[in-house]
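Engineer: As given, the protein sequences belong to chains A and B, one line each in that order.
Number 152 in our numbering belongs to position 152 of the first sequence; there are no gaps in the numbering.
For our numbering, add 323 to where a residue sits in the second sequence, where the first one is 1.
The hints are simulated quantities; they were obtained by calculation from the structure and are not laboratory data.
It should be emphasised that the depicted structure is a prediction, and the values quoted were computed from it without experimental measurement.
A few of these clues could be false.
Claimed, not checked - A few chain B residues that face chain A, going by a derived Cβ cut-off under 10 Å, partial list only:
| id | residue |
| --- | --- |
| 1 | E365 |
| 2 | P457 |
| 3 | L527 |
| 4 | Y571 |
Unchecked claim - Simulated pairs of lysine to aspartate or glutamate, EDC-like, Cα-Cα distance not exceeding 16 Å:
| id | chain 1 | residue 1 | chain 2 | residue 2 |
| --- | --- | --- | --- | --- |
| 5 | B | K458 | A | D223 |
| 6 | B | K420 | A | D223 |
| 7 | B | K458 | B | E558 |
| 8 | A | K60 | B | D552 |
| 9 | B | K458 | A | D83 |
| 10 | B | K565 | A | D223 |
| 11 | A | K60 | B | E550 |
| 12 | A | K244 | A | D223 |
| 13 | A | K60 | B | D517 |
| 14 | A | K60 | B | D409 |
For each residue, glycine too, the CB sits at the ideal point set by N, CA and C.
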Amino acid sequence: MKAELLQVRNLRVYYQTAVGPLKAVDDVTFSLKSGERFGLAGESGSGKSTLAFALMRLIKPPGYIEGGQVLLDGGDLTKLSEDEMHKVRLAQIALVPQGAMNSLNPVMRIKDQIIDGIVDHSNEIPRSALEERVPELLERVELGPEVANMFPHELSGGMKQRVCLAIAISLSPRVIIADEPTSALDVVVQRQVMLTLGQVQESLGASVLLVGHDMGLMAQFVDRIGVLYAGKLVEVGSVREVFKEPLHPYTQLLIACLPSLEEKGEFKGIPGLPPLLLNPPSGCVFHPRCPQVMSRCSLEVPSLEEVCPGRWVVCHLYTEVKR
Amino acid sequence: MTISYLLKRLGFFVLVIWVAATLIFFLPRLAERNPIVERMSETAQAAGFIGEGLAEMQKDWEAKFGLDKPLWKQYQYYLRDTLRLDFGYSLAYYPAKVVDQMMRALPWTIGLFGMATLISVVLGSLAGALLAWPKAPRFLQYLLPFFLTLSAVPYYLMGLILLFLFAFTIRIFPLGGGYSVAVAPSLSFPFILDILHHSVLPGLALVLGGVGFWALQMRAMMVLGLEEDYITFAEAKGLGRKRIFLRYALRNVLLPQATSLALSLGMMISGAILVEVVFGYPGLGTLLLKAVSGFDYNLINGVVFIIIIIIAVATLLMDVLYPWLDPRITYGRRMR
């Protein structure tokens, strides 16, 4: 069993609003092993991007980290000073951003955008050595050296995302957070970019946290998956098991939504809407939409239980009634 | 940038100058005033009697200035002379030549207006950028209402207020002029100091009148600029605050700021003209006032022409600099 590289414990990220805190990420606990690919799935507004940003301490006001720990190799990132956190970003945890179209500075050459991240982490490297690293990095994400002197507007969407990937791996980080890295790309390019991401991850031995709503993409890419609903992690398990036998009713419905190649069926969704996080339902947040709802679901908040080895779920179906 | 674009742009530059030159030729002449008659009756009034042969004298003078010729002929001569930057003799201050008067006034205006614009644009932009920057020192936030107020006060009013406060009430600065009458103009240290002393209040009026506008505009663009995805990614890259501020945030809103600088140059010059008048500063503004009140065709033409040239050159420079400021802008077909 590999060591746990990144541990997230009881992380809570709130947004300050006029009528009280909005709980975007509520009591989330999971861990990422070294070299592992972990997927965070959830619909829009489930808090998955907020969670990804919180891990890098990039939450901006009115958002704030209310509590919990983010342990990287045992050290708590939430306790670091702002300057120490600057050093951790990119070098230890790197982000592959969501909006690849606009994530690069339009008035800077690609090479300068790759170099400045390296420079701000160690200013001892001579300029000539930095210039040499650019084509190396570009080659690793399957881009030609001529891209170095181009501006972002001269690149296609897929190429821009590759440049972002090259920047993310420029300091050989231990954790790569990929926040819906392919949501702006068409499926063909999506596949190529994901293949490249997989290759560089393996060559670096880094862990990947893939955030997204595309269950199909998750199924193909990750080793383990966590399902977020309304800011809460409702199920964690190996991707094979979760897809074969989802435990939480929400996960079951989510996987049932995936269109199948074998059977032609009606396009399904999950009835109802995600709850408003300002005023979440009592008990289990999913109970108003849950097909297997019981009387205790609206009264008691379920806790995260390991129902069988490596499979965690938050649901009253799997907890004993307390007497 | 291609050569053909540059040629096209230069052609347009010449066209603008020609249209402007034509307008400033015809506009004063459309008014039913005759500067020769006005000048003569002024002299006559001063002398206290009207001599004989006044009508002949008028004809004589008009012939001397070429005003007896038909308008289209005058226009032809005017264009030819303007090309040689020769604006003829001043009608009101004959025998002074327009060019000499302008050359005497130009350094004053360039010095005062150039410095004041530079200071107010740089200071205002920097302050505005910091106002929008969340990690800037807190005290800067208190500058916002100050800038809001300043941006609403016109230059000349600012000049009058400063005059009242610092030259009239507390007499630490001179009331007007470019240098003290008692000092002989020379390239000596005390004389330069004297010039600086005289330029403080008009300069301050221009800086204070402009800085609020630049700060507010910069702040507005910066607030939008900071929302961009590349700022977030720059933060995720763990870049230093200074680099993000200068190279990612500030750098990217320079283009709209530079555009509005070129566009508002005309407005700023007209503001500077009024400030010069308020302070009796010996620059182009005061000269223009003299020219207009004396209905001096040639002097008006000269001064306005110089101002037009300044603005046209500034916009031309801006256009040439655009692709350097923003690589997304290319003119014509890309050569690669």
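Engineer: With reference to the structure, classify each hint as holding or not holding.
Structural biologist: How the hints compare with the structure:
1. E365: E365/B check fails; min Cβ-Cβ to chain A is 60 Å, beyond 10 Å.
2. P457: holds, 8 Å
3. L527: violated, 34 Å
4. Y571: Because about 6 Å separates Y571/B from the closest Cβ in chain A, which is inside the 10 Å limit, the hint holds.
5. K458/B to D223/A: The given pair, whose Cα atoms are some 40 Å apart, is violated under the 16 Å limit.
6. K420/B to D223/A: violated, 88 Å
7. K458/B to E558/B: holds, 13 Å
8. K60/A to D552/B: Within the cut-off at roughly 13 Å; holds.
9. K458/B to D83/A: Roughly 13 Å between the alpha carbons, so the hint for K458/B and D83/A holds.
10. K565/B to D223/A: violated, 39 Å
11. K60/A to E550/B: holds, 11 Å
12. K244/A to D223/A: holds, 14 Å
13. K60/A to D517/B: violated, 52 Å
14. K60/A to D409/B: Violated. K60/A to D409/B sits at ~63 Å, over the 16 Å cutoff.
In this structure, the hints that do not hold are numbers 1, 3, 5, 6, 10, 13 and 14, in rising order.
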